[in-house]
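Engineer: Respectively, the protein sequence lines represent chains A, B and C. For the first sequence, the working numbering gives the first residue as 188, with consecutive numbering after it. For the second sequence, the working numbering gives the first residue as 23, with consecutive numbering after it. For the third sequence, the working numbering gives the first residue as 10, with consecutive numbering after it.
Simulated from the structure, these hints should not be mistaken for lab results. This structure is a prediction, so every number in the text was calculated from the model and none was measured. Even for Gly, the Cβ is constructed at its ideal location relative to N, Cα and C. Heads up, some of the hints might be wrong.
[As the list claims (entries may be wrong)] The list that follows gives simulated cross-link-like pairs (lysine-lysine, BS3-like), each with its CA atoms no further than 30 Å apart:
| # | chain 1 | residue 1 | chain 2 | residue 2 |
| --- | --- | --- | --- | --- |
| 1 | B | Lys248 | B | Lys334 |
| 2 | B | Lys257 | B | Lys298 |
| 3 | A | Lys275 | A | Lys251 |
| 4 | C | Lys119 | A | Lys251 |
| 5 | C | Lys62 | A | Lys531 |
| 6 | B | Lys334 | B | Lys252 |
| 7 | A | Lys275 | C | Lys62 |
| 8 | C | Lys32 | A | Lys527 |
| 9 | A | Lys396 | A | Lys407 |
| 10 | A | Lys205 | C | Lys32 |
| 11 | A | Lys251 | C | Lys62 |
[Stated by the list, open to error] Pulled a few chain C residues facing chain B out of the computed Cβ check, cut under 8 Å:
| # | residue |
| --- | --- |
| 12 | Pro39 |
| 13 | Pro40 |
| 14 | Ser70 |
| 15 | Ala77 |
| 16 | Ile86 |
| 17 | Gln98 |
| 18 | Ile109 |
| 19 | Ile128 |
| 20 | Gly132 |
[Said to hold, decoys possible] Pairwise CB distance ranges (calculated):
| # | chain 1 | residue 1 | chain 2 | residue 2 | range |
| --- | --- | --- | --- | --- | --- |
| 21 | C | Ser49 | A | Gly317 | 20 to 28 Å |
| 22 | C | Glu123 | B | Ser140 | 47 to 55 Å |
| 23 | B | Gly76 | A | Gly317 | 55 to 63 Å |
| 24 | B | Ser140 | A | Pro392 | 36 to 44 Å |
| 25 | C | Pro137 | A | Lys531 | 22 to 30 Å |
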Amino acid sequence: MMAGIVGWGAHMPRYRVKVEEIARVWGASAEAYKKGLDVQEKSVPAPDTDSVTLSVTAARRALKRAGIRGADIGACYVGSESHPYAVKPSGTIVAEALGATPECRCADFEFACKAGTEGMAVALGLVDAGMVRYALGIGADTSQGAPGDALEYTASAGAAAYIMGKEGVVAECEHTYSYMTDTADFWRREHQYYPQHAGRFTGEPAYFKHVTGCATGIMKKSGTKPADFAFCVFHQPNGKFPATVAKQLGFKPEQWKQGLLCPLLGNTYSGSSPMGLSAILDVAEPGDRILHVSYGSGSGSDGFIYRCTDRIREVQGLAPKTRDILEGERFYLSYGEYVKFRGKIIMNERGA
Amino acid sequence: MRDVAIIGVGANPRWGELWGQSLRDIFVEAALAAIDDAGVDHLDGMYVGCMSSGIFTGQEHLASLMSDYLGQKHIPATRVESACASGGLAVKSAFLEVASGYRDIILAGGVEKMTDVSGGEATFALGTAADGEYEGYHGATFPGLYAMIAKAHMARYGTTHEMLAQVAVKNHANGMLNPMAQYRSEITVQQVLNSVMIAEPLHILDCSPITDGAAAVILCPLDMAKKISKKQPVKIAGVGHATDTIQLAQRPDPTWLESTALAAEAAFKMAGVSRKDIDLYEVHDCFTIAELAVIEALGLVDKGKSGEATLKGRTARTGDIPVNVSGGLKSKGHPVGATGAVQIVELTRQLRGEAGERQIAKARRALAQNMGGSGGSAVVHILEVA
Amino acid sequence: MPSANYTREIPQRYRLEASRCVKCGQVHYPPRLICPGCRSRQFETVALPSGGKVVTYTIISVGPSDFAAEVPYALGIVELEGGVRLMAQIVDVPPEKVSIGMPVTLEFRKLYEEGKAGIICYGHKAVPA
């Protein structure tokens, strides 16, 4: 049997801040941002939520769909640019919470917004190589944008977890591909709190070049064309870029709309395209083929072609569906509450 | 066992924020008052009840420190700790030493110096009386734990915010007549309900305050007391002590204080008396709900009827079961390690007829109930005119 | 040094591991060395279910220093399926909407941080089921 996804799960905070609320504080035009970025609101992590907690809940949902125990997982990879510790793995915490320890491979991944799909690719590779029976790849972030910066309107929080295996596969991975160069479009130096980006340079020479390169590369390698896919999902730094790239590649709205979460979710960085994929798997039919292309600044794109099996119908209802969570109960924050939640207020140290 | 009497009592002139006095100053002042009251020239031993001097002031090893500064260097001295029941436990420990015949003149005292730390640190220190790993870890505070008891009591028995508030109103009214009380001010139900919320449904005026204070009593064999004491000896007729899970979650009924019920049962049995024989009660009203739950556990009212009894005035100074005539922890203040000891001080003064304006006429027998944590420990003493 | 203490509690905190008495079947959380019911000293490790209901609760407005930024927060006793009770914060719901009997499920969350440079303390909180 071909290796593939045996279980998936997603999670995001219930808190949201609207574009209008951020724009109000910075004297910006909400309409311009909403139109320019195609984003209405974004998820905000509460102080009790970080990439690890989002990962654990997403992974527990993936375990439910996979119908396996935590102890069956032989590798645990969390991809994030907001690992709670600078030194000390996120993956060990996640693996402990799932009961995957101690017989488990683990290291954290970091590659801007591509870290999650790299974790998924390595998980697939280990399974394919027969090194482990099941492997977990997670993309999770509680991403930061500098106050007042365009990134602040989209940087959000969420996670998606994928258990890869060869038994009980719900979506076989038919092909993988990766397209990577060294491109300085977005970065954060050590000890700097917020990332820097290169403005319009992040578009054409960065996002579009790599996503398009990866998508055309994997379709060429696999001999497929857009019409062969029921769905496609691309990295979503905003709502506009993935829609534009989909159109340019020749995909129709019914192929990309299901996976486009950014307008209501924001950009969950490493969680972005993996969460979009989860929303597709929630509704996909057996036989459906899915194209998944991520993007991480710095820069690179991972491509995957999945084909759903008959088993997918049996597991879709075993855990909460991504769009149900996304459109479920939400609590809207004022900008003041949002900056408190994000720890952007300078506080007295204890003892003061 | 020998019969044991109280021959001396003492406390600081007034409890509260004693900025000018240190931990040792506070204790020695109260202990000297007790020694003077007893008219003894030496001690054979000493028990100091203190909950958390280590966190509040950075000082442990209190037994030796206090015996030295009390001018009693070299006597056997012991510190006992049972959270807010430390003072009561010190009295019980001293009682056993005298009753057993091991030593004759023993001081039992309690002390807490709580104002040398910030409010947040005090909250943390008090929180150590809960299960640190499974309550404190989740953000539990003491007001929070008692608030959960209150919420369950309200849901189960229809107890109201007004009933809770009435406990505070009554105890403040009593405290008006007690010169040592930290808060000598009358309050109304409306003031309690309008005061700032600490842990819903408990407002700040439902909570006992942060207090510096100490209290001490001197015990000796009753036979000796009759010879050496110039005052009316008061006999410790009954002693009860029990424990329970310190985790509130592990009790089958969060509204029921089993440790208090068991300690009371033991004390009544030992004293050979029943509730109708008791003229007044000092109980552990660290929060208004605590007094309600305690008077139910003591069997003074039926389960769920404490709020109604309080509203009717039954527990007032003029009621048929006077509770916390001293003002209780609520008005008098709650230096946690000292509270159990000062209850015995107050009841001894009442039984001697020395309680001034708040004197309960013809008081012959009284009960003190002191509690640790959210009910994880309880000590009950029954005192009577010898 | 909190890290040894923290690491020791991981099975209970992260995986809700409890001990079931092999003699009388009672489940204890946290695990015990002797069964208070039947005095047996033999146990097997079981994971608690995540679903339950609120037994009682409060809304804390004045919290300990580590939780000061989170007030007001709801804290309650949750009875899990099977009867084990534990204390947990109740989140993802406005505190004033919490009620006794409310169905909840336990979710992995950060409880607090040991200051800015210390370890991050994780565990479970209850969220509306």
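Engineer: Look at each hint and say if it fits the structure.
Structural biologist: Verification of the supplied hints:
Taken as a hint, the Lys248(B) and Lys334(B) pair is broken in the structure, with Cα atoms around 41 Å apart against an allowance of 30 Å. A C-alpha spacing of about 18 Å is found between Lys257(B) and Lys298(B), which places the hinted pair at or below 30 Å, so the restraint holds. Of the supplied pair hints, the one linking Lys275(A) and Lys251(A) holds, its CA atoms being roughly 27 Å apart against a limit of 30 Å. Using a Cα cut-off of 30 Å, the hinted pair Lys119(C) and Lys251(A) holds, with the two alpha carbons roughly 22 Å apart.
Taking the CA atoms of Lys62(C) and Lys531(A), the gap is near 35 Å; set against the 30 Å cutoff, the hint is violated. Between Lys334(B) and Lys252(B) the CA atoms are separated by roughly 40 Å; this puts the pair beyond 30 Å, and the hint is violated. Proximity of Lys275(A) to Lys62(C) is assessed by CA-CA distance (about 35 Å); at most 30 Å being required, the pair is judged violated. For a cut-off of 30 Å, the pair hint linking Lys32(C) to Lys527(A) is broken: about 50 Å separates their Cα positions.
Proposed proximity of Lys396(A) and Lys407(A) is supported: the alpha carbons are some 16 Å apart, at most 30 Å. Taken as a hint, the Lys205(A) and Lys32(C) pair is broken in the structure, with Cα atoms around 56 Å apart against an allowance of 30 Å. Note on Lys251(A) and Lys62(C): the hinted pairing holds, with a Cα-Cα distance of about 22 Å set against a maximum of 30 Å. Interface hint status for Pro39(C): upheld, as the beta-carbon distance to the closest one in chain B is roughly 6 Å, under 8 Å.
A cut of 8 Å between beta carbons decides the hint on Pro40(C): the least distance to chain B is about 11 Å, and the hint is violated. With its C-beta approaching chain B no nearer than about 5 Å, Ser70(C) sits inside the 8 Å limit, and its interface hint holds. Hint status for Ala77(C) relative to chain B: holds, with the closest Cβ pair at about 7 Å, below 8 Å. Interface restraint check for Ile86(C): the shortest CB-CB distance to chain B comes to about 5 Å, inside 8 Å, so the restraint holds.
Residue-level restraint check for Gln98(C) holds (minimum Cβ-Cβ distance to chain B is 6 Å; threshold 8 Å). Given the 8 Å rule on beta carbons, the hint for Ile109(C) holds: about 5 Å separates it from the nearest Cβ of chain B. A least Cβ separation of about 13 Å between Ile128(C) and chain B goes past the 8 Å threshold, and the interface hint is therefore violated. Among the interface hints, the one on Gly132(C) holds; its C-beta lies about 7 Å from the nearest C-beta in chain B, closer than the 8 Å criterion.
Between Ser49(C) and Gly317(A) the Cβ separation comes to about 44 Å, which falls outside the hinted range of 20 to 28 Å. The hint said 47 to 55 Å for the Cβ distance between Glu123(C) and Ser140(B), and at roughly 18 Å that hint is violated. Take Gly76(B) and Gly317(A): their Cβ atoms lie about 58 Å apart, and the range 55 to 63 Å holds. Checking the proposed 36 to 44 Å range against Ser140(B) and Pro392(A) shows it is violated: the Cβ atoms sit about 55 Å from each other.
Range check, Pro137(C) to Lys531(A): Cβ separation about 28 Å, and the 22 to 30 Å hint holds.
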